[in-house]
Amino acid sequence: QFTQQYQPAVCNSNPTPCKDPPDKLFTVHGLWPSNVNGSDPKKCKATILNPQTITDLKAQLEIIWPNVLNRKAHVRFWRKQWRKHGACGYPTIADDMHYFSTVIEMYITKKQNVSEILSKANIKPEGRFRTRDDIVNAISPSIDYKKPKLKCKINNQTTELVEVGLCSDNNLTQFINCPNPFPQGSPYFCPTNNIQY
Numbered sequence: 009q010f011t012q013q014y015q016p017a018v019c020n021s022n023p024t025p026c027k028d029p030p031d032k033l034f035t036v037h038g039l040w041p042s043n044v045n046g047s048d049p050k051k052c053k054a055t056i057l058n059p060q061t062i063t064d065l066k067a068q069l070e071i072i073w074p075n076v077l078n079r080k081a082h083v084r085f086w087r088k089q090w091r092k093h094g095a096c097g098y099p100t101i102a103d104d105m106h107y108f109s110t111v112i113e114m115y116i117t118k119k120q121n122v123s124e125i126l127s128k129a130n131i132k133p134e135g136r137f138r139t140r141d142d143i144v145n146a147i148s149p150s151i152d153y154k155k156p157k158l159k160c161k162i163n164n165q166t167t168e169l170v171e172v173g174l175c176s177d178n179n180l181t182q183f184i185n186c187p188n189p190f191p192q193g194s195p196y197f198c199p200t201n202n203i204q205y
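The end of the sequence shown is residue 205 by our numbering, with every number in the run present.
Errors might be hidden in some of the hints.
[Claimed, not checked] No more than 16 angstroms apart at the CA atoms, straight line, and that leaves these computed lysine to aspartate or glutamate pairs for EDC-like:
1) LYS80 / GLU113
2) LYS119 / ASP142
3) LYS154 / GLU134
4) LYS32 / GLU113
5) LYS128 / ASP142
6) LYS66 / GLU113
7) LYS51 / ASP103
8) LYS154 / ASP142
[Unchecked claim] Taking CB as the label site, the calculated pair distances span:
9) ASP103 / GLY193: 36 to 44 angstroms
10) ARG79 / LYS51: 22 to 30 angstroms
11) THR181 / LYS88: 23 to 31 angstroms
12) ILE56 / ASN202: 39 to 47 angstroms
13) ASN163 / PRO99: 18 to 26 angstroms
Because the hints were derived from the structure by calculation, they are not lab data. No residue lacks a Cβ here, since even glycine has one placed at the ideal position from N, Cα and C.
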């Protein structure tokens with residue numbers, strides 16, 4: 009699951025304020041292996057992030073994968089994502105360099121940037137209220153008409169779109185419908201109407 013977070017909504021829903029003003033963009037939260045049934049794998053093996061990987065990719069990662077909550081702690085955020093999720097992607101994801109370069113490729117080269125996808129469908133970050141179908145229908149053509157996974161949070165009685173997940177098969181070769189959408193009653197459920205973006 010290639011998950012991207014909408015920076016203003018992340019800052020609004022976090023108990024600790026963001027240290028820097030957010031950009032009105034979806035940026036990478038992570039690339040997470042998942043199981044269709046059951047819990048998602050986490051912390052699959054002890055691993056260390058190769059410092060050279062970060063040195064080689066840092067300029068690109070800072071743009072597409074910032075630590076929204078604290079922009080002075082990008083490396084800590086990337087290290088956490090690698091250890092918690094990326095290391096579980098083997099054999100599709102061979103190592104940390106492959107993990108981070110795959111994310112860069114997905115976001116930039118393969119045009120899986122949710123901000124751009126929504127913008128092409130004339131859904132822009134204007135703070136307007138949208139329907140869930142408007143959001144899903146805007147994203148779906150870019151992912152071979154599959155269903156993304158939406159995550160919302162209520163902030164000051166307003167439901168905000170916080171994250172969008174784009175799901176692929178275990179080889180990252182074709183899109184699939186995202187499994188396990190947040191159910192009604194979940195604090196992350198996106199209602200049919202009145203989703204702010």
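These are the hints, each one checked on the structure:
1. Between LYS80 and GLU113 the CA atoms are separated by roughly 24 angstroms; this puts the pair beyond 16 angstroms, and the hint is violated.
2. Distance check on the hinted pair: LYS119 and ASP142 sit about 20 angstroms apart at the alpha-carbon level, beyond 16 angstroms; violated.
3. Restraint check for LYS154 and GLU134: the C-alpha separation of about 25 angstroms exceeds 16 angstroms, so the hint is violated.
4. Between the alpha carbons of LYS32 and GLU113 the distance comes to roughly 22 angstroms, so the proposed pair goes past 16 angstroms and is violated.
5. A hinted pair counts as satisfied when its Cα atoms are at most 16 angstroms apart, and LYS128 with ASP142 qualifies at roughly 13 angstroms.
6. Using a Cα cut-off of 16 angstroms, the hinted pair LYS66 and GLU113 holds, with the two alpha carbons roughly 14 angstroms apart.
7. The suggested pairing of LYS51 with ASP103 holds, with an alpha-carbon distance near 14 angstroms, which does not exceed 16 angstroms.
8. Of the supplied pair hints, the one linking LYS154 and ASP142 holds, its CA atoms being roughly 14 angstroms apart against a limit of 16 angstroms.
9. At roughly 39 angstroms, the beta carbons of ASP103 and GLY193 sit within the given window of 36 to 44 angstroms.
10. For the pair ARG79 and LYS51, the supplied restraint of 22 to 30 angstroms holds, since their beta-carbon distance comes to about 25 angstroms.
11. Between THR181 and LYS88 the Cβ separation comes to about 27 angstroms, which falls inside the hinted range of 23 to 31 angstroms.
12. A hinted range of 39 to 47 angstroms for the beta carbons of ILE56 and ASN202 is consistent with their spacing of about 45 angstroms.
13. At roughly 40 angstroms, the beta-carbon separation of ASN163 and PRO99 lies outside the given 18 to 26 angstroms, and the hint is violated.
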